[in-house]
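Based on the provided sequences and hints, a complete structural model is requested.
Same order as they appear, the protein sequences are chains A, B, C and D.
Everything in the first sequence is counted per the numbering used here, starting at 1 for the first residue and increasing by one.
Everything in the second sequence is counted per the numbering used here, starting at 1 for the first residue and increasing by one.
Everything in the third sequence is counted per the numbering used here, starting at 1 for the first residue and increasing by one.
Everything in the fourth sequence is counted per the numbering used here, starting at 1 for the first residue and increasing by one.
None of these hints come from the bench; they were simulated from the model.
Please note that a few of the clues may not be correct.
Calculated lysine to aspartate or glutamate pairs in the EDC-like style (CA-CA distance at most 20 Å, straight line) [said to hold, decoys possible]: (1) C:K203 with C:E226; (2) D:K14 with C:D54; (3) A:K266 with C:E248; (4) A:K210 with D:E26; (5) D:K210 with A:E225; (6) A:K263 with A:D165.
Reference excerpt, derived from the structure (chain C facing chain D, CB under 8 Å, subset only) [claimed, not checked]: (7) A18; (8) L24; (9) N30; (10) N278; (11) R279.
Cβ coordinates follow ideal geometry from the N, Cα and C atoms, glycine included.
Below, each chain spelled out in residue letters.
4 protein chains.
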Amino acid sequence: MHTAILIIQCKDDKGIVAAVSRFLFENNGNILAIDQYIDEEIGDFFMRAEWELDTFGIAKDQIYEQFGNQVAAVFDMNYTLSFNFPKPKMALFVSKLSHCLFDILSRYYSGQFEVDIPLVISNHPDLEPIVNAFGIPFYHLPVTKETKASQEAEQIRLLQTHGIDFVVLARYMQILSRDFISHFPNRIINIHHSFLPAFVGAKPYHAAYKRGVKIIGATAHYVTEELDAGPIIEQDVARVRHHNTVDELVQIGQDVEKVVLSKAIKYHLAQKIKVVGNRTIIFS
Amino acid sequence: MHTAILIIQCKDDKGIVAAVSRFLFENNGNILAIDQYIDEEIGDFFMRAEWELDTFGIAKDQIYEQFGNQVAAVFDMNYTLSFNFPKPKMALFVSKLSHCLFDILSRYYSGQFEVDIPLVISNHPDLEPIVNAFGIPFYHLPVTKETKASQEAEQIRLLQTHGIDFVVLARYMQILSRDFISHFPNRIINIHHSFLPAFVGAKPYHAAYKRGVKIIGATAHYVTEELDAGPIIEQDVARVRHHNTVDELVQIGQDVEKVVLSKAIKYHLAQKIKVVGNRTIIFS
Amino acid sequence: MHTAILIIQCKDDKGIVAAVSRFLFENNGNILAIDQYIDEEIGDFFMRAEWELDTFGIAKDQIYEQFGNQVAAVFDMNYTLSFNFPKPKMALFVSKLSHCLFDILSRYYSGQFEVDIPLVISNHPDLEPIVNAFGIPFYHLPVTKETKASQEAEQIRLLQTHGIDFVVLARYMQILSRDFISHFPNRIINIHHSFLPAFVGAKPYHAAYKRGVKIIGATAHYVTEELDAGPIIEQDVARVRHHNTVDELVQIGQDVEKVVLSKAIKYHLAQKIKVVGNRTIIFS
Amino acid sequence: MHTAILIIQCKDDKGIVAAVSRFLFENNGNILAIDQYIDEEIGDFFMRAEWELDTFGIAKDQIYEQFGNQVAAVFDMNYTLSFNFPKPKMALFVSKLSHCLFDILSRYYSGQFEVDIPLVISNHPDLEPIVNAFGIPFYHLPVTKETKASQEAEQIRLLQTHGIDFVVLARYMQILSRDFISHFPNRIINIHHSFLPAFVGAKPYHAAYKRGVKIIGATAHYVTEELDAGPIIEQDVARVRHHNTVDELVQIGQDVEKVVLSKAIKYHLAQKIKVVGNRTIIFS
Chain A
1 MHTAILIIQC KDDKGIVAAV SRFLFENNGN ILAIDQYIDE EIGDFFMRAE
51 WELDTFGIAK DQIYEQFGNQ VAAVFDMNYT LSFNFPKPKM ALFVSKLSHC
101 LFDILSRYYS GQFEVDIPLV ISNHPDLEPI VNAFGIPFYH LPVTKETKAS
151 QEAEQIRLLQ THGIDFVVLA RYMQILSRDF ISHFPNRIIN IHHSFLPAFV
201 GAKPYHAAYK RGVKIIGATA HYVTEELDAG PIIEQDVARV RHHNTVDELV
251 QIGQDVEKVV LSKAIKYHLA QKIKVVGNRT IIFS
Chain B
1 MHTAILIIQC KDDKGIVAAV SRFLFENNGN ILAIDQYIDE EIGDFFMRAE
51 WELDTFGIAK DQIYEQFGNQ VAAVFDMNYT LSFNFPKPKM ALFVSKLSHC
101 LFDILSRYYS GQFEVDIPLV ISNHPDLEPI VNAFGIPFYH LPVTKETKAS
151 QEAEQIRLLQ THGIDFVVLA RYMQILSRDF ISHFPNRIIN IHHSFLPAFV
201 GAKPYHAAYK RGVKIIGATA HYVTEELDAG PIIEQDVARV RHHNTVDELV
251 QIGQDVEKVV LSKAIKYHLA QKIKVVGNRT IIFS
Chain C
1 MHTAILIIQC KDDKGIVAAV SRFLFENNGN ILAIDQYIDE EIGDFFMRAE
51 WELDTFGIAK DQIYEQFGNQ VAAVFDMNYT LSFNFPKPKM ALFVSKLSHC
101 LFDILSRYYS GQFEVDIPLV ISNHPDLEPI VNAFGIPFYH LPVTKETKAS
151 QEAEQIRLLQ THGIDFVVLA RYMQILSRDF ISHFPNRIIN IHHSFLPAFV
201 GAKPYHAAYK RGVKIIGATA HYVTEELDAG PIIEQDVARV RHHNTVDELV
251 QIGQDVEKVV LSKAIKYHLA QKIKVVGNRT IIFS
Chain D
1 MHTAILIIQC KDDKGIVAAV SRFLFENNGN ILAIDQYIDE EIGDFFMRAE
51 WELDTFGIAK DQIYEQFGNQ VAAVFDMNYT LSFNFPKPKM ALFVSKLSHC
101 LFDILSRYYS GQFEVDIPLV ISNHPDLEPI VNAFGIPFYH LPVTKETKAS
151 QEAEQIRLLQ THGIDFVVLA RYMQILSRDF ISHFPNRIIN IHHSFLPAFV
201 GAKPYHAAYK RGVKIIGATA HYVTEELDAG PIIEQDVARV RHHNTVDELV
251 QIGQDVEKVV LSKAIKYHLA QKIKVVGNRT IIFS
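See the structure below:
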């Protein structure tokens, strides 16, 4: 089923829900989901509505303007309009660890993700056979301090050539430059192997072991300039005990990482995420 | 702040959200929360809306009728209208175990529950001093096979005299009769000390131990005629290991029970629960 | 490192730990792990000890007898002696669902499982390409009511030919016969897609939806004659809400299933499981 | 039942378990629990053994010396010997928040804690009636910058007068001085309302809200000089969503805090905690 998705933000006021829902109703829109949220701190109203497109009374390429004139202008709204088609194009960046890659490809294979994966990019050659087994092109772009800028340029060229919508860092062990990130604002999802904001940076499982925590976690977030500080999409945790070695923390943590990352991808694909400042609204 | 709460159920159709929100908007209603749900199995649409009453354009005692005429009639809706005042009156039934009672009284004391507790009824005298310390009358009504009917009649009389809105069985170890239950449909909340539907009936921790489960749980549900089979409001679990004795399961489980029961009470007080068949919708 | 693993069971008595640890110490055994458990219900003492084999003072093929004479006879012990080599041989049984299969193969690929997988058997051909991508032989043995007995005979022949130590039912949708099970006592691990003992049998997610539970789960257990009633090895759960459809329960549940099944395999490979009646001890 | 508890630490070596268990066995000790742990990072061996005292062959006041001569000297062990009697004496420090206090008193009332509570100290008078209802003396010692030193001196005097073994800070909102802490090394348990090391210091729920985390937590730890940096005893978490206000985070978090703090007290009372550097071993 083809659907349209509207996400709006404006100062909270009376009549917003009525105005939006009347616009949809009067144009014969069958609402599939509607969710709203009032941020009491900043006083803003947020809303996501999804409705059937095929029976809608306004042509697809007219909706944005008509909604703007008839509704958004009245309430001084920021709004985005998008559709659940065509399938978005996702690029995967990996290094040597395979658990997140496998988990994503497994869901892709079974149809759980409505996405195309035109390419996988890695700074190491190790995972090429896996990726090829799924019929996906694999680009090996080794990175050194000296080649980093040129390799990122090549990565951006590849992403643009393939019309990539968003990038998933599936335990990609390179820090992206400010320039690279600026090409994909809120379009790069990273999995960090700790319960952020605890244990920012390298070797979080070692840091967790050293601090003696009783629970470890993983965090999927959008990548921003500041390392591991972008808006959090999803987190989860697992219980550990004093006798777990760092290697065991790594294994226990990987089960959390892969599930958390895949949930974040699912929210992103369903277009249920709205970034507000450094927080995310996850619409239901 | 005084609020009105509308919960509706009808066949799913276009324009319901628009009609309801327009009704509120045109009467100057400031919507505080709106949540909707479509049950795909039965094809019904559900919605809960809460709005400020003080500035609303329709008098409190006219809302039900006007909404009925202007909106509900159009969509053949079932609907309830209620208010967040006056404070509801909750009765507690207890036996000898104190953990749920303490947890509820602790929240009552700290103002977490917006509720009045006019009385506690017990078939044992043990917990009277605790209850009295909170300034709440305690009624000791011992129950035997022979006196059960007369004691339930006395209980009902007390509940009616005190204008009780709903009853919480805080580990009350008597099975209520069909007649008693019929006086309070979806108004009696029980905490069962297992992850229902596993381990219905008496001694669930013993049964859990015997079955060798690795996780135990607790379930808060509305009481219906069939034992431990009413609509589930909330559940939670805790991990256990083979070396935990039955007594340890009991202690671990009690921490789950008290938190689950109090969450269920909170949902009930916020009027966020809609029972549909044998399931509950918990609006957000 | 080569290790020996001793698991004992006997009536609880004084001096057991001393006797076992002295036997190991006097023969120059370097204990790597020791864990004990007293079952208060049946009054039995259980212990697992693992020690370095290479520096041990008794020849590998003499340990069983010498321990029997010097220690086990004194306390009337039941005991098993095993080793962490050679790698055990695991057979996978699958049908059409791929999530558990992928998860297991992913861990096999990354070296997380110390195991050989000589073959995968399925009653459907769908998953053959995946399995072949890992260089593992795939046997397609379709099953109908009429062919069930002969196909099971063929399965047993294949398992014996390949010297299989244990079988994992990775969402294999056939019920094994009593005869098949008797060939592999406590050697067949199944993943059931519910929090047992709730929702035994077919379509547990539909049953969970219908009962309106707020948490779903998965259970890995050894297969015994009675359906879904064997000793539980591991369980875990995930929270769901009223608006989750059965299809969503299935997706949410699959993430739990695969992790629970892989944990059970890990315990089995580490030889940390002792079945007692219908319960399992999971040694640490 | 009277028991003795031995906790040892030494360089890992062969024969330690044998030596300890033989010492117990030869003196007719009935071992109730034995647990060991090898810290691979520092190469140390740790062990906790608990056995029946009444039938033990060595007099209570001779055990320490005899174990020292016969066993500890051989392996150059650090060791502590303690007993499960008399009941330890616990002091509670509180401020205005009641949830942890109620939870502790509830367990004390029901006999879940084997402890005496000779006094509660607070810098505010609010909770006096609750404490008195349990028959426990309440000392109101208000604290200002100017009076802090003298009030701490008075606190220490009270604790010493009552023979207090350990102190529990049940949401006590004052930072203890280095001097105060030095009187009770690893004898002061604090509950911090975040998942440490995230959100050290004041107002962690505000910080968690601002960071947009999807999970909040609580941490029980021994108090050391550095704020919120002492050895972690227990942690747990709860899931939150974007629509939860700071006030809701506080309420959700309080349910975690009280259970985590009470678990930490339980481990401490059972003498199952060994502090190693800045980590804790929790023996089973």
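Verify the proposed pairing of K266 of chain A with E248 of chain C, using a straight-line Cα cut of 20 Å. Between K266 of chain A and E248 of chain C the Cα gap is close to 12 Å, so the pair holds against 20 Å.
L24 of chain C as chain D interface residue, shortest Cβ-Cβ below 8 Å: 7 Å, holds
When the least beta-carbon distance from N278 of chain C to chain D is tested against 8 Å, hint result: 23 Å, violated
Against the 20 Å threshold, does the CA-CA distance of K263 of chain A and D165 of chain A hold or violate the hint? 18 Å, holds
Would the hint linking K14 of chain D and D54 of chain C be met if the CA-CA limit is 20 Å? 14 Å, holds
Satisfaction of the R279 of chain C interface hint, Cβ to chain D closer than 8 Å: At 17 Å from the nearest chain D Cβ, R279 of chain C fails the 8 Å test, so the hint is violated.
Assess, step by step, whether the Cα of K203 of chain C is no farther than 20 Å from the Cα of E226 of chain C, and give holds or violated. 17 Å, holds
Per the CB criterion, is A18 of chain C less than 8 Å away from chain D? 4 Å, holds
With a cut-off of 20 Å on the C-alpha distance, tell me whether K210 of chain D and E225 of chain A pass. 18 Å, holds
20 Å Cα cutoff - pair K210 of chain A, E26 of chain D: 39 Å, violated
Tell me if N30 of chain C is really an interface residue toward chain D, meaning its C-beta lies closer than 8 Å to one of theirs. 5 Å, holds
Of the hints listed earlier, those the structure fails to meet are numbers 4, 10 and 11, in rising order.
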